[in-house]
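Let chain A serve as the given structure and place chain B on it in line with the hints.
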Amino acid sequence: MEKQLLRITVNSQGYELYINPKALLVEVLRDHLNLSGTKRGCESASCGLCTVLLNGMAVKSCSILALQAEGAEIITVEGLAEGSLLHPIQKAFLDHGAFQCGFCTSGMLMSAKAFLDENQNPTMEEIREGIHGNLCRCTGYRSILRAISAAAEDIGRGR
Amino acid sequence: MKYTVLNTPVHNLDGMAKVTGRATYTFDIKLPNMLYGKILRSPHPHAKILNIDTSKAERVMGVEAVVTGKDTLGVKQGTWRRYPDLCDEEILARKKVRYIGEPVAAVAAVNEDTAEEALNLIEVDYEPLPAVFNPMEAIKEGAPQIHEGAERNINVTRHMEWGDVEEGFKKSDYIREDWFKCSSQAHVSMETHCAVADFTPDGKLTVWTSAQSPYFIQVLLSWVLGLKESNVRVISRYVGGAFGGKVELDSAQFCSSLLSMKLCKPVKVVLTREEEFTATRRRTPMVYYLKTGVKKDGTFMAKECRVFTDGGAYTAFGATALYLTGFFQSFPYKWPSYRYDGYRVYTNTIPSSAMRGFGAPQATFAGETQIDLIAGDLGISPIEVRRKNGMTPNYEIPGQATIQSCGLRQCLDRIEEWIKSRGETPPNRGIGTASYGFMSGGIFNWFDTPYAFSSAIIKVNVDGKVDLFIGAHDLGQGSNTTLAMICAEELGVHTEDIRIHTGDTDICPVDLGAWGSRQTLMSGNAVKMAASEVKRQLLEFATAKLGPNVIYDLDIKDRWVHIVARPDKRISYFEVLKDAIRAKNGQPIMGRGYYTPHRKGMISPAYSFGVQAVEVEVDPETGKISLINVVTAHDCGQVINPLGVKGQLEGAIAMAAGYGFTEDLPMENGNILNPNLVDYKLLRATEIPEIEIIEIDTYEPEGPFGAKEAGEGLTNPTAAALANAVFNAVGVSIKELPITPEKVLKALKEKSQKKTELR
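Taken in order, these protein sequences are the chains called A and B. Residue numbers are given in my numbering: position 22 of the first sequence equals residue 22, and the series is strictly consecutive. Count along the second sequence starting at 1, add 159, and that's the number in my numbering.
It should be emphasised that the hints constitute simulated quantities derived from the structure, not laboratory data. On a predicted model such as this, the values are computed, not experimentally measured, just so you know. Every clue listed holds true.
Cross-link-like lysine-lysine pairs, in silico, BS3-like; alpha carbons within 27 Å at most:
| id | chain 1 | residue 1 | chain 2 | residue 2 |
| --- | --- | --- | --- | --- |
| 1 | B | Lys189 | A | Lys3 |
| 2 | B | Lys493 | B | Lys330 |
| 3 | A | Lys91 | B | Lys624 |
For reference, chain A alone in the conformation it holds in the complex:
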């Protein structure tokens, strides 16, 4: 199949790539750009491990073709921190032990970021809804809910 040009910005860096038009966004991120922080855990778009931000919206990067992201701005887990300065959500995940094996963490962080960017004063119920699409087998989610809630407060203080 003839390769097609994809222009995309990932973590503030512009790329021009020739890709298989059937390639999924997650494949381009992991295989072409070596951004292996984004994980995959299913073939049914149901685990949320591959969640990234596309123009600020949380999307499961296994559920869209990379070409559908033409011209878009993508942020992955690698783009959350600024240099050595962690994003408040990352810091809160550390403080609250909101991960164990860590395999769902990247997707969880990105869902949380998209959600907190939209809703700065979320209730616990809204936070639960915000990560409904992300599975975690280790933590039972409670520590993740605490972390996101704490991050919301932290971000609120910074505003």
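This is chain B only, laid out in the frame that chain A set:
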């Protein structure tokens, strides 16, 4: 005792790597010149293999190698090296397949799509055989024979007995018999099984893999591939979840290795989510018969227990589940007489094996549900029955085990208080309780290791940094952090002074790995001993320097070496260290530690205890169950990292509640019907209840600083407490897991019919 490190919440040592996406899992590894492997699996539950033709597959452009059973040594392997009869599984089936999903061949190609295409071109001639899918059918005379020599498909039997059971029943005022059915469960690690194997022309094999025990995988690979143990290096840095599912040799590991050995190129195999569900391992389903005799006042007199487990096609780790379910059926009570007979039966299904709790969640579901029923029959409070019969410290189970620390009483008291504080529950709401216990590592050595169960090596550098080398393995449960804290406490430094080296069999001393809730106690003891050895050396130099009266002794705390009786008389740990290294001709200070349990009975050196209360609401129209609250009082001895314990507990509740009412692996003729994350229902964030933890303080003499397990035991009580809560909410007892809305509705219907008939 005042600790400077322990019992303070500590960030997970691997946290920074995990929240920044830097943690490199096996799933992420790419090597130069690497190929991708895919595995061909049996579509039949039971069939003879007549012929395999790989020629068409080999001709596909981009395919570099195809392997079948002919390329193997034909070894029947398993973790039972002391019991060759139980090693019953070939890595690639040569003559016969016994379940849908059994590996038959593997392909290495330039990419996954090409490998997949080639799989479709491998022609396997099968002669289907009659198959059997249910242990109660498979054990019958005349059922299809799955393994030669296994009469009536019985794989393993277990008998356990103490006291006079017949006499116990005779003296009982009330006897109750019940049957229970415990379902299966998938581990659903977020990282599927995967491996990258790299065999080099000098005969050395390196395998990166997602595993619970790098040592087990090293030994098993060396066995099935005919390599020297030391020529196999297993590296397992970050593991994306395991829960018992990654403790045995798996198809990603041996297929990537076989292909790499054939090609002398690195080969990566990652299982799909569907393969993960249909072709790895699962929790052991059990059919449980319980007969229990009690006095009128609720005193336990006798218990007889018979269990038939659905073993699936191979022994796997399942023989241990059979043993442990029998032992933990007696927990956590003082049974004057007890008899257990367990039968593990082969069926033509995916092998059942270890999963978090390892037979104990099944035991707890059956046992604790029945205790509530008995308490109801006798009109006594279920908590009172548990208190009356519960284990107490220093209790001996005849011929089996000695319980040292035990905080069960306090757990019961605290849970009773909580239930009282809730007051009267509204209609269709109910609270149920269950007690449990679990082992802190097993004493069994069927793997036949000549090494100590756990080992640790410490090297201290001149700037104070402590390198801790351990074979224990962190799967996300936080053992690296726990062990670093134990090391820091013993040595008198800070947790951030410890640098852990783990997950590499070339570098780390042997440890049996992360299963059976063994690492806090066993690896912890090894680490403490190594740290103590380092401290002893440092104190020799410090004593010379401080020159105290010989009646005084020294210790290190918070990076200060001081006279214990006069803490103000002190010198810096860093100063002492510099002197010590100089005095040792410039060698780093080193310490070694090890641990193997001796004279601690048959099962474990120490046991955790707990009581859990679950509050549910049941919708009588739909049968839907909602979790409202889960409160757990538990005794894990001295808490090392409170943040870690909390995470273990909350995570266990989600997994165990899933076992109780949402997760299941329904099958049709050996085919799993829901092998994906849409139809297999894990709890999501919106379904998680409020969770409260009550820590009960005890000190376990056998554990490092008094610590015990806090990982698997927490999975035991939830299904039982949930069943009891449903009973208290709507008056129906469901004896078959999972407790689905259909089962609740059916039981409610039957109940109302009975009522009508009575009228």
